[in-house]
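**Q** Chain by chain, the residues:
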Amino acid sequence: MASAVRDLELDLDAFEGPFDLLLTLLLKDAIQPSEIDMAAIVVAFVERLAERDELDLDACGEFLVLIAALLELKARHLFPDEEAELSELEPEEAAEELARRLAEYRRMKSAAIWLREQLEGQRELYFRLGPAPLAPNPERRLAPQEPLRLVEAMRGLAVEPPPVSLSHMALRFPPVSQFVERFRALLTRRRRFDFDTEMQGLSRVEQAVAFLALLELRKEGEIVISQAAPFAPIRISRADEPVSDSDDERMLQWIARSA
Amino acid sequence: MDRPLRLITSNPVDSLARVIEALLVVASQPLTLDELAEATADDIERIETALGLVRERYSEGRSGIVLQHVAGGYAFGAAREAAEACARLFERPVERGLSQAAIETVAIVAYLGPVSRPEIAQIRGVAADSAVASLVERGLIAEAGRESSPGGAVRYRVTALFERVFGLESLAALPRLDDIGADQAAICDRLLEVAEARAS
Numbered sequence: 000m001a002s003a004v005r006d007l008e009l010d011l012d013a014f015e016g017p018f019d020l021l022l023t024l025l026l027k028d029a030i031q032p033s034e035i036d037m038a039a040i041v042v043a044f045v046e047r048l049a050e051r052d053e054l055d056l057d058a059c060g061e062f063l064v065l066i067a068a069l070l071e072l073k074a075r076h077l078f079p080d081e082e083a084e085l086s087e088l089e090p091e092e093a094a095e096e097l098a099r100r101l102a103e104y105r106r107m108k109s110a111a112i113w114l115r116e117q118l119e120g121q122r123e124l125y126f127r128l129g130p131a132p133l134a135p136n137p138e139r140r141l142a143p144q145e146p147l148r149l150v151e152a153m154r155g156l157a158v159e160p161p162p163v164s165l166s167h168m169a170l171r172f173p174p175v176s177q178f179v180e181r182f183r184a185l186l187t188r189r190r191r192f193d194f195d196t197e198m199q200g201l202s203r204v205e206q207a208v209a210f211l212a213l214l215e216l217r218k219e220g221e222i223v224i225s226q227a228a229p230f231a232p233i234r235i236s237r238a239d240e241p242v243s244d245s246d247d248e249r250m251l252q253w254i255a256r257s258a
Numbered sequence: 000m001d002r003p004l005r006l007i008t009s010n011p012v013d014s015l016a017r018v019i020e021a022l023l024v025v026a027s028q029p030l031t032l033d034e035l036a037e038a039t040a041d042d043i044e045r046i047e048t049a050l051g052l053v054r055e056r057y058s059e060g061r062s063g064i065v066l067q068h069v070a071g072g073y074a075f076g077a078a079r080e081a082a083e084a085c086a087r088l089f090e091r092p093v094e095r096g097l098s099q100a101a102i103e104t105v106a107i108v109a110y111l112g113p114v115s116r117p118e119i120a121q122i123r124g125v126a127a128d129s130a131v132a133s134l135v136e137r138g139l140i141a142e143a144g145r146e147s148s149p150g151g152a153v154r155y156r157v158t159a160l161f162e163r164v165f166g167l168e169s170l171a172a173l174p175r176l177d178d179i180g181a182d183q184a185a186i187c188d189r190l191l192e193v194a195e196a197r198a199s
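So the protein lines, in turn, are chains A and B.
When we follow numbering that gives the first Met the number 0, the leftmost residue of the first sequence carries the number 0, and every step to the right adds one.
When we follow numbering that gives the first Met the number 0, the leftmost residue of the second sequence carries the number 0, and every step to the right adds one.
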C-alpha cells in the first residue's frame, strides 16, 4: 500500500486512527461500514495530498479503489436483504426481536414526550448563561537545562561588583564659613561694600555660596542688606552703621549709574 | 406578599447566607453544596441552613430573583412573574427549534449515556448525525470519551446545561424507564396476534 494511503491518520466520529487499521476493522466486522463517514475520509486524503508538493498518482489510484470498495460495502450494509435475515429466525423469535426493538424505541419516545412536557413547564424560567469557566493555565514546559551553565551563571552573580566611583560628585565650592570670614574682614576695613563688585571674577557656584554667607551674617545681626529696587545692586553695611541721608543720595546716584 | 421581607441580621448563619448570595450572583452555573462549602470554608450543615434562609428570601412571590435547585446545585433565576418581561428582552436559544429527533436523541443520551452515535441510530432506526450535531452545538450534550475498542466511536453524555434547561435537580430526577413506555411482552403478543390473523 502506498505510504500516502497507509499513513493517512483519521479522526472521525466513529473511528480514530490510521486508515489501514480502519480497513482491517471493517473487514473483520469490528466496525459497521454504515457508521463510517466516507466523505470525511476523502477530505482527509485530499488535505494530505495538498500538504505534499508532488502528486502521487499511485497513491491516488490505490485510494480510489479502496474508497470505492468501502462505499459499495457501506451501500450493501445500509440496504440489507431483510427478508433473508428474517427467514433465518422462527416466527416467535422474529416477533420477540422486533418487539424488543420496538419496546426500546417506544420507551425512549415516551421519555422524549416526558422531557418535552418538562421543557414546556420550564419555559417561563429564565436564568443567566455565563461564559465558560476560565481555562486552566497551560503547563509551562522548560527548555532542557544544563546544571553546569547554571553554576557558571550563579558564580558570576556571586562575585562582588567593583566599588562605584563617586569622584564626579565631589563638592567643588568653598565652604560658607570662608566667605563669612572674608565679609567680616571687609567690613572691619570699610563701612559698606557692593556685593556685585566683590563677586566679580567668581563662579556662579561661588557667588551662591557667598550669598548664603551674607544671609548667615544677616541672621546673626552683623550686617544690613539693602537693595533700592528689584535687580539693583545689593549693598552691604555694618549693622551698627546708621544709613545717613547723604548715603541715600549717594546710593541713588550710584543706582542711576548702575542703571 | 404574606410576610414582610426578612432582614438579614448579624447572626453568623445570616452572614454566611449573605456570602452564599454573593457566590450565586457571581457564578455562571449552579454551585453544589461542596463547592459552596469549599468557597466559604464552612461545613455542609451550616451551608444547608444558610441556603434555607436564602431560599426563604428568594422565592416566588417574594422576590424577582428565585433560588433554584437544579443540575445538582443551586443557582439564581428569574421569577415566573417576570417571564413575560424577560421574553420581550431575551430568548432561551438553547431550546429554540428543538426538533422531535433532537428530543428523542437527548432522551437516549440522558438515559443510556455515555452512548455513541451508532448506538443512538440503532435505537431510533435512523441516522442521528444531524440531531447529535445540533445538541452538541446547543451545549445540551458533550463528548465523553470514545468506546474502548480500537478506533472506538465518540460517546456522548448530557451536560449540566441540559439538567438546568429541563429543570432537573439531577439525572436521578428522570422517571424510571420501567414506569414509562411500552411493555415488551404486550408488543410481542400483539405482533403474534397480527401474524396469526394474516396467516389464517
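What the hints contain is simulated information worked out from the structure, not anything from laboratory work.
Among the hints, erroneous ones may be present.
Stated by the list, open to error - List of simulated lysine to aspartate or glutamate pairs, DMTMM-like, C-alpha gap at most 20 Å:
id: 1; chain 1: A; residue 1: K73; chain 2: A; residue 2: E116
id: 2; chain 1: A; residue 1: K73; chain 2: A; residue 2: D19
id: 3; chain 1: A; residue 1: K27; chain 2: A; residue 2: E71
id: 4; chain 1: A; residue 1: K73; chain 2: B; residue 2: D128
id: 5; chain 1: A; residue 1: K73; chain 2: A; residue 2: D12
id: 6; chain 1: A; residue 1: K73; chain 2: B; residue 2: E80
id: 7; chain 1: A; residue 1: K27; chain 2: B; residue 2: E146
id: 8; chain 1: A; residue 1: K73; chain 2: A; residue 2: E50
id: 9; chain 1: A; residue 1: K218; chain 2: A; residue 2: E180
Quantities reported herein were computed from a predicted structural model and do not represent experimental measurements.
**Q** Hint by hint, which ones does the structure fall short of?
**A** 1, 6 and 8
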